[in-house]
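Colleague: Please construct the entire structure, taking both the sequences and the accompanying hints into account.
2 protein chains.
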Amino acid sequence: MTAPARNGNGYRPAEGPASQQGMRRANLALVLGAVARLGATSRAQLAEATGLTRAAAGSLVSELIDAGLVQEHGVTLEGRVGRPSTVVSLNNRGPAGLGLEIGVEHLGACVIDLSAEVRTRIRVPAANRERDPRAVIEQLARVANSALAQAHELGLDPVGAVVAVPGLVGAASDTVLHAPNLGWHDVDLTGQLSSLLPGLPVEVENEANLGALAELRRGEVGRDFVHVSAEAGIGAALVVDGLLLRGRRGFAGELGHMPVYPDGLPCPCGSHGCLEQYAGEEAVLRNCGFQDAAGDRVAVLVDQAHAAHPAVRRALEQAGRALGIALAGVVNLVDPETVVLGGAYADLAGWLTPGMQTELGARVRIRPWEPAGLVVSGLRREGPVIGAATSVVQRVITDPAYLQERRERREQRV
Amino acid sequence: MTAPARNGNGYRPAEGPASQQGMRRANLALVLGAVARLGATSRAQLAEATGLTRAAAGSLVSELIDAGLVQEHGVTLEGRVGRPSTVVSLNNRGPAGLGLEIGVEHLGACVIDLSAEVRTRIRVPAANRERDPRAVIEQLARVANSALAQAHELGLDPVGAVVAVPGLVGAASDTVLHAPNLGWHDVDLTGQLSSLLPGLPVEVENEANLGALAELRRGEVGRDFVHVSAEAGIGAALVVDGLLLRGRRGFAGELGHMPVYPDGLPCPCGSHGCLEQYAGEEAVLRNCGFQDAAGDRVAVLVDQAHAAHPAVRRALEQAGRALGIALAGVVNLVDPETVVLGGAYADLAGWLTPGMQTELGARVRIRPWEPAGLVVSGLRREGPVIGAATSVVQRVITDPAYLQERRERREQRV
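Protein sequences, first through last, are from chains P and S. Residue numbering for the first sequence follows the working numbering, starting at 1240 and increasing by one per position. Residue numbering for the second sequence follows the working numbering, starting at 1240 and increasing by one per position.
There is no bait here: all hints are sound.
Restraint ranges, calculated between C-beta atoms of paired labels, are given here: (1) P/Gly1617 with S/Ser1434: 48 to 58 Å; (2) P/Asp1502 with S/Asp1542: 25 to 35 Å; (3) S/Arg1332 with P/Glu1647: 46 to 56 Å; (4) P/Val1357 with S/Gly1509: 36 to 46 Å; (5) S/Gly1509 with P/Ser1434: 54 to 64 Å.
Which bits of chain P does chain S cover? Going by a derived footprint, with three or more residues having C-beta under 8 Å, they are: (6) 1479-1492; (7) 1562-1570; (8) 1573-1585.
Facing chain P, a subset of chain S residues (Cβ under 8 Å, in silico): (9) Ala1475; (10) Phe1490; (11) Pro1501; (12) Ile1564; (13) Ala1567; (14) Gly1568; (15) Val1569; (16) Asn1571; (17) Leu1572; (18) Arg1602; (19) Arg1606.
No lab work stands behind these hints, which were simulated from the structure alone. Every residue, glycine too, gets a C-beta built ideally from N, C-alpha and C.
Modeller: Okay, here's the thing in structure tokens:
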């Protein structure tokens, strides 16, 4: 999904004049991005990597050090002549990101530093299905405060929080519009949680999108991929040239309701033959008679599949085929580099991928399909909460001036 | 598919330092874009619209006039006090775009000026199925030369050509990799045509993509849409926030091979139940017994459908339902603002849309589907060739400095 620089890509008008201030802001991001990409680096190397003059690169590095984003090491570069120089790297005791997660059966939190290292992680079981949103949000705030306390002990300063939710989030708002597996409609999650976490900007995002962002940041699946995950529902996220495709209203990625067998099983959504009726967690459990399993139901499926339970194996095979049919359509439509299987699907990949490969191989003919294009996420069910924390940090890396503006606004208020 | 400026959209690193030269280039495009958007405009209005100072806007306008992109009118603005001022607008006797088209049963050409007005148009019948590519390309060059001669008579200067083809075009090359309805494989269209049209840069692009770009430029369907068209095959193009999604290898939009009825009819691609077997031109003709119709076969279908031929009506109803099922998946996946029915489908829309609306309404449940989201293209089968010419002009509008660079290179060579 790269957009090569050729004629006819479309028409996106510029929105304002280029300015000196905009240039400095862009170059600050350029240098911080290079530090993030290259690791420990000298100022001279940064100048070379960015195309900036040494003087400009040096001045921008100083600004980044003052902002606490970059730290300086008194290290001599070996194998070089001339006077010893120092290197800089991302500050691992500086700004950090707090990721939060509301699952159907758990709450989670993690803090990552600027290098995207996970520094602390909390996961507590919680029966959130049909639970009062207020109670869920209050418990989440307590989990968040524990994670924040741990982060402060490590010398980290979380500058924002993002909450992963299994539901639709409006593009223009931070309201959870619809989370069927929680039983939520129009819950002002951001507002309620913000009031419990004063001073910390809070945003909310669909868990499938965040799982995809976590994969993107890891860098093992390319910058053009489809990420398919299951928690209670089925979520998909399209990443195009390193950017998440959100959809006009922020509702992109509803793969669970792609018609797979148009005259097939009825779906609670009102349609027939939706993918979720064959490959959703509920459907798989129902199809093999484990619909009443309690606790970690994915673990139940994994255990039974390992034990070669025939109905479980059959249900997972059917789920894999349905996923393969749906994804064949997606691959034909958007031509990604990889299809990434994440979340609970990653735990079940051993039993899902054979059927998926069969269908993808049979139905993606023109290019044709290469089996290596199907990749299992190494983040598994941790993807969304890590992605949530990552997205906070990523915003700082891509626009360090934003952090400074926020600080200045806060100081003015005090 | 807007990407709102919020946390977590992804990670696209800057690629080089911002510079004075880059600033001027961006601002030149900013001003020209404003002229294109606003029509006849004074320098003061352009300064206001772009956020530039009056001096900067004036200097950039002078540069655009010198480049022949903008023309000045000695018009006094009414209802204003002070000395009379002049307005500028896009030059309609300046640089222009040549669009070319290779259809299965015709060749086409058109020239549009900077305002995207079609100034001349040629369409000749040509039986191109399984015809020697060399002969097709030589005839296309003759058509192109006729169009160029007409353009020069109108005082226009075509600065490039784009060829619309019913096939896959590689993202990195200008080779037609696979055009099944022409019987083409790996045809170096750009190279061969360039040698017949010396001095004119030639590019090649999939016709469905160009149909979508033409719609985008018209501005009636928004900036986030799925464009579905049929000539001989079925093509789709995704436009996301005003940019065409091309896919990793440039193969995005293969909607014709989306599985609609997974256990359905065999497809020459090797799969079963592909959309093309229900909604492709061949399939529809076969399903109503008109597979041997000669000449303009879409016109045959339109005539018979108007005459209420029961098998034709039934075949179109089935095609509409299949299109609706496939597009329900697309809408759930990418959340576009509109679905645009273009090319031959636009001519058949009256008989296709009822079935499409039924399936979309039944299968897009979560948002839910609004019937007004399905739009019929006013460009109909002219979309691709107009889009081809548009894309040449659009490149000039979005980066006027590119044109100047090209001229300078050409003068150096002379």
